[in-house]
Amino acid sequence: MDTESLTGREPQGRRSPATRERLSGWGRTSPSVAEVLRPRGREEIAEAVATAGPRGIVARGLGRSYGDPAQNGGGRVLDLTGMNRILAVDLDSGQVVVEPGVSLHQLMQALLPFGYFVPVTPGTRYVTVGGAIACDIHGKSHHADGSFAQHVVSMDLLLADGGVRTLTPESEPELFWATAGGMGLTGVVLQATLRMLPVETSRILVETKRVADLDEAMARMTETDADHRFSVASLDNLATGPSLGRGWVESGNFATLADLPPKQRENPLAFNPKPVASMPDLFPSGLLNRRTIRLMNLANYRRAPQNSHTHVASIGGFFHPLDAIHDWNRVYGAAGFLQYQFVVPFDAASTLRRIVERVAVQRAPSFVTVLKRFGPASPGHLSFPTEGWTLTYDFPTGTPGLSGLLRWMDGKVLEAGGRLYLAKDSRMSAADLEAMYPRLEAFRKVRAAADPQGVFVSDQSRRLSL
Amino acid sequence: MKDSLGSVQSLLVLGGSSDIAVATARKLAQDTTKRIILAARPSERLDAAVTLLRSHGADVRTVDFDALDFSSHEKVLAPLFEEGDIDVVLLAFGVLGEQARDERDPLAAAQVVQTNYVGAVTSSLVCAEALRKQGHGSLVVLSSVAAERARKANFIYGSSKAGLDAFAQGLGDSLEGTGVHVMVVRPSFVETKMTTGRPKAPMSTTAEAVADGIVEGLRRNAEMIWVPAQVRFAMSAVRHLPRPVFRKVAEKQG
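If you're matching them up, the sequences are chains F and Z in order. Per this note's numbering, the first sequence starts with residue 1, numbered consecutively. Per this note's numbering, the second sequence starts with residue 1, numbered consecutively.
Keep in mind that the hints were calculated from the coordinates and are not lab data. Owing to the predicted nature of the structure, the values given are computational and were not obtained by experimental measurement. Heads up, some of the hints might be wrong.
Stated by the list, open to error - Just some of the chain F residues that point at chain Z, by a computed CB distance under 8 Å:
#  : residue
1  : Thr29
2  : Gly67
3  : Asp68
4  : Thr81
5  : Gly336
6  : Leu338
7  : Thr397
8  : Ser403
9  : Arg427
10 : Arg462
11 : Arg463
To be verified - Simulated restraints on C-beta separations:
#  : chain 1 : residue 1 : chain 2 : residue 2 : range
12 : F       : Leu282    : Z       : Pro228    : 30 to 38 Å
13 : Z       : Arg61     : F       : Val164    : 55 to 63 Å
14 : F       : Asp215    : Z       : Arg61     : 46 to 54 Å
15 : F       : Asp327    : Z       : Gln111    : 50 to 58 Å
Claimed, not checked - Below, simulated DSSO-like cross-link-like pairs (lysine-lysine); rule was C-alpha separation at most 30 Å, straight line:
#  : chain 1 : residue 1 : chain 2 : residue 2
16 : Z       : Lys152    : Z       : Lys75
17 : F       : Lys412    : Z       : Lys34
18 : Z       : Lys27     : F       : Lys412
19 : Z       : Lys252    : Z       : Lys152
20 : F       : Lys209    : F       : Lys263
21 : Z       : Lys248    : Z       : Lys152
22 : Z       : Lys34     : F       : Lys445
23 : Z       : Lys27     : Z       : Lys133
24 : F       : Lys274    : F       : Lys209
Heads up, the beta-carbon is just placed ideally off N, CA and C, and yes, glycines get one too.
Same shape as in the complex, but just chain Z (with noise of 0.2 Å):
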């Protein structure tokens, strides 16, 4: 349960190696968050979230669990509900993949949409349902500006976060009245582990601004957040561009 100051005491992170999602566990360890799942495929970048996080004093798990393997999110995340009430899940996972290869093969990017929208409807309904049963808990979701309006550059994994994106927050408004609050995270370019080596756009942000905005934003239940939060009316404007100037100001980004 969240207490009145918004402060969390259990978390469960699907994609609990990525950039934000450990900023994220780190900064809600540090206040009040005593019990950590972190669901992600094993590797040494989550075996060192483990250790971070309970350098923090967090009691962490970790759970085996891949996002592309549909078939399994309901028996691999439903009963770490039964273990206790989790009151916020942070979906962080996502590929940007490669935008010319994945456009010259398309089960490449078959790949990309398959993790960042089919992977993210089915455990996010999962997590919805067990949190419904709860009558509490906050569902994050990580989506993009890229979801606003997607590039040349980029519109397969825009397409993907848009498709997750409209799903959430139409998730969000089904779960009202039922105690559970979901919240889009829209960050701009965020300089992390999946974008490093690529050419920066302007706005970018880093995995600690988008933690603080995610930490913020549960405390006051928000439904969608921007990071950094001008990106927002920045978005808006470009989003009523006529199409030849949107191609000519994308272009310029690359």
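Next comes chain F alone, as it looks inside the complex (with noise of 0.2 Å):
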């Protein structure tokens, strides 16, 4: 492998100028206009910390989250994409040192060959390690790894007095689970030790089955979750009467070579995901409907075998299927798109049942619906995973009684002890948040002591009070 993409190049020559950027989340909803800096080294990073005004600042990575956390609207946004160095690796333990910028895409070009994948992986590949810390993001196999922030091992964390902190688990427990799902408003991460799993090929072996029922989905990734690092549920989300939930259940594991078809052998840790197509910004508004979304939900169903199937399928093909298509939120047009996610404990089944109920019979359409289970939490303050049933549905913003529905939804989560991930809101209030998140108090101890001026700021954060 070439090393320039190991260790990366020295930042060197004149700085990027500020610009002021209309900025968004990956919904393209409720954008805001900031000054937007590109810094490349720890330098730049604290003068602009030093500097901001009174409307603060917010590191921002990928700009993977779908509602306000990344933008600042009036202050500034400092663009992390372009701190994308890997500072080190440790083949033998497996630890790697990196940037912030640096995405998971990335590390994984960089690893794989070597025998190591990322901790986690959410939906897609090109978020960032800062970006995965502050959302202390999951992936689909959160039941048996834990979030992302439980596989840091350590980062440096550049604060609002220009201090700069390296926090562990162990030798900064409030800092480090205060900023692990922090959503950026302790301070910015400056590097970050991770580590990486092992694994002997790229690729994943997956038993997908066709469940005809939410009963069925639920009973067979209960089952199939003790001996599959890797499951999820895929809902026909329009579907009710008896066929309520019907979708299909696919349970992974990393494959051994043995697994592999001897083609495949000869290039186990192949990795070299193609993007098949960019989808061009001219789509209008209301193209993902009822109608649409009913259709390729029900093509999707049908598709699914009938009867437990294995097959192997590539890392990008089972975790990240969308990152095929550059750009693919552009297909909600200008009125954009929503994610919603929330997650329930296990005895809250049959609130997850009503949600589901409600919605298809109010014939919200959702392109992507995903039921998972979570093992137990993380120790962060703000991380959304909790154990239970999480639910995730993507909903055109211009579906009709939208609004109505999720504030709906919300009391129902809340009335069940659940709550709504912060790297997918755009639109919970802060009431709820406050009712969700017992730590919110201890987590605005710890912000308050390490940021006392406030200086940390995002549209979230004012829109939540966080």
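Taking the hints as your guide, dock the two standalone chains into a single complex.
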């Protein structure tokens, strides 16, 4: 492999000028205009933080949060995608030291040849390590591996006063676990050391099975989770009656060398996903609607095998199917879309069912509807995953009656002791957030000590009075 | 910050006791708007508006604001934005005047123009600058169909709205790229306290309907809305009528 992609280059030359830009999240809703800086070194970051005006500053990565956590209207935004050097790799221990703008895609490219995969991957590889820590992201392996920050050995955090602290879960648990899941509000992660996952191949052995209803989906997942590192159910969210919650369950493990067909054994760690297409920005809002999504959901359901079927999948195909289409969010048109993800405890399965039912009856179309079992929570004060069922919907914002439906769902989730995911949130209320996150007060205390002037702010932190 | 569904969190109303202002604020308060500032001259109507909005769970405060006291606008309005972001500014003040009297009393005519145009220019410039600094927000300006073509019976009022309408459109264009959105609202004849006792025009509307139009327009960041919507097409025809024909049509409307 070429050494440059491992070590990167020292930043040289003049810094890029600040620009005023209109920023929004992946859902392309609620844009605001901020001064965007693209620092290429610690000094530039420190200077940008020190000279931030009254509207404050927040770091941004690849902009994959759906709502407004990585934007800061009238203030400053630090685009850290230029801070993308992999600084050190220890192939014996599987630990890497990276800058915050390194993407999971980059880590896979660099380290799969050596038999290491990222510890946790969400549904897209195009997130940065900084963002992964700030949102304490999770993936199809949560029941087995927990969330991203649980695999962070240490991180350097630039604080509002310009000081840099090296945080480990042992040495500074309070600040570490306020930063993990803290939506960028405690400081700027300058570098992180991650524990990578050793793998024998770059393929996943996936068992797929069609499920006729929600009960079967839940039963199948409960049954297969014990011996599968990855699991997820995709639902046809518009099916009602006896078909309510029908879909297909995928359970997988990294394939061993022996699992691979002979041809793939020649290069078991191959990884070269190619985007098949780029989405042009010319779709009208409303192209994805009840009718079109109903057809697509039905087609996907029919395609899933009735009896359990095992196949060998690529990393891209299994974890990140949508990454194959660059800028796929444009298909929702200018009106954009939102993602709604909640978790409720296992004993609140009846709440889950009521929500699935109501969404189906109200015919709110969701192109991607994903059900998953979460394992135990991480210690992160604002980390989202807690033990239970998590369900994710993608709704076009133009869906009739969506606002009222989501507010009803907020209430049900709250009642059941569940919560919403801040990385997906674009519309929850400050009061609900308080009630859903019992450790919000603890987070606020740590944040107030680390950043008494409130230098680190975002549109989301203002909207939710975080 | 307006959320992803276009729901508003905080609202500043200039001319906070007008029927359209109160109807709009009430609809927003019923949705997600919990911080409302009503800027107006103290009056019983204003107190009633405060009580009404509080009953919908909003945190409401009032600010003494006089549209004609141009030099005070900066001092009164700018600090309001320091207390927290304002998602929507609704510029709802205006007077209809008394056309026949105002024609005979140039100073009374000047009062109409100063309120509807000059006061609106100074206050919206102050608000636009504050919104620009926060990098997001909407400024909603109440114009009128009279701005499109004024009649013999309302040309003093109509010309003041025509000036404001042109100003607001230009302001919206100049704020392109700043995150600030300007929406011009052109209602037809509105049955309100301002128009009680006047003959109704065809396609007349109500404060409630205008409020619905505003709330919906805010959701989709419309730059211009007409209430009712079809008046847009009627006025498009009226605008092109030859003068003698227009005079006859206008005459019939009184």
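Hint by hint, here is what the structure shows:
Of the supplied interface hints, the one on Thr29/F holds, with its beta-carbon coming within about 4 Å of a beta-carbon of chain Z, less than 8 Å. Taken as an interface hint, Gly67/F checks out: its beta carbon lies about 6 Å from the nearest beta carbon of chain Z, inside 8 Å. Annotation: Asp68/F was flagged as interfacial toward chain Z, and the flag holds, the nearest CB pair being 7 Å apart, inside 8 Å. Checking Thr81/F against chain Z: minimum C-beta separation of about 21 Å lies over 8 Å; hint violated.
Taking 8 Å as the C-beta cut-off, the interface hint given for Gly336/F holds, the closest approach to chain Z being about 7 Å. The restraint placing Leu338/F at the interface with chain Z holds, with a minimum CB-CB distance near 5 Å, inside the 8 Å limit. With a cut of 8 Å, the hint placing Thr397/F at the interface with chain Z holds, because the nearest CB-to-CB distance is about 6 Å. The restraint placing Ser403/F at the interface with chain Z holds, with a minimum CB-CB distance near 5 Å, inside the 8 Å limit.
At its closest, the beta carbon of Arg427/F sits 4 Å from a beta carbon of chain Z; the interface hint therefore holds under the 8 Å criterion. For Arg462/F, the shortest C-beta to C-beta distance to chain Z is roughly 6 Å, which falls under 8 Å, so the interface hint holds. At a threshold of 8 Å, the smallest CB-CB gap from Arg463/F to chain Z is about 5 Å, leaving the interface hint in force. Range check, Leu282/F to Pro228/Z: about 32 Å between beta-carbon atoms, so the 30 to 38 Å window is met.
Between Arg61/Z and Val164/F the beta carbons are some 43 Å apart, a value that contradicts the proposed interval 55 to 63 Å. Under the hint 46 to 54 Å, the C-beta atoms of Asp215/F and Arg61/Z, about 52 Å apart, fit the expected range. The given range of 50 to 58 Å is respected by Asp327/F and Gln111/Z, whose C-beta atoms sit roughly 55 Å from each other. The straight-line distance between the Cα atoms of Lys152/Z and Lys75/Z is roughly 38 Å, outside the 30 Å bound, and the hint therefore fails.
Under the criterion of a C-alpha separation no larger than 30 Å, the hint pairing Lys412/F with Lys34/Z is consistent with the structure, at around 22 Å. As the CA atoms of Lys27/Z and Lys412/F are separated by approximately 25 Å, the hinted pair is consistent with the 30 Å bound. For the given pair, Lys252/Z sits about 11 Å from Lys152/Z by alpha-carbon distance, which is consistent with the 30 Å threshold. Distance hint between Lys209/F and Lys263/F is fulfilled; the C-alpha atoms sit about 26 Å from each other, no more than 30 Å.
Under the criterion of a C-alpha separation no larger than 30 Å, the hint pairing Lys248/Z with Lys152/Z is consistent with the structure, at around 11 Å. Proximity of Lys34/Z to Lys445/F is assessed by CA-CA distance (about 26 Å); at most 30 Å being required, the pair is judged to hold. Restraint check for Lys27/Z and Lys133/Z: the C-alpha separation of about 27 Å stays at or below 30 Å, so the hint holds. This hinted pair checks out: Lys274/F and Lys209/F have alpha carbons roughly 27 Å apart, not beyond 30 Å.
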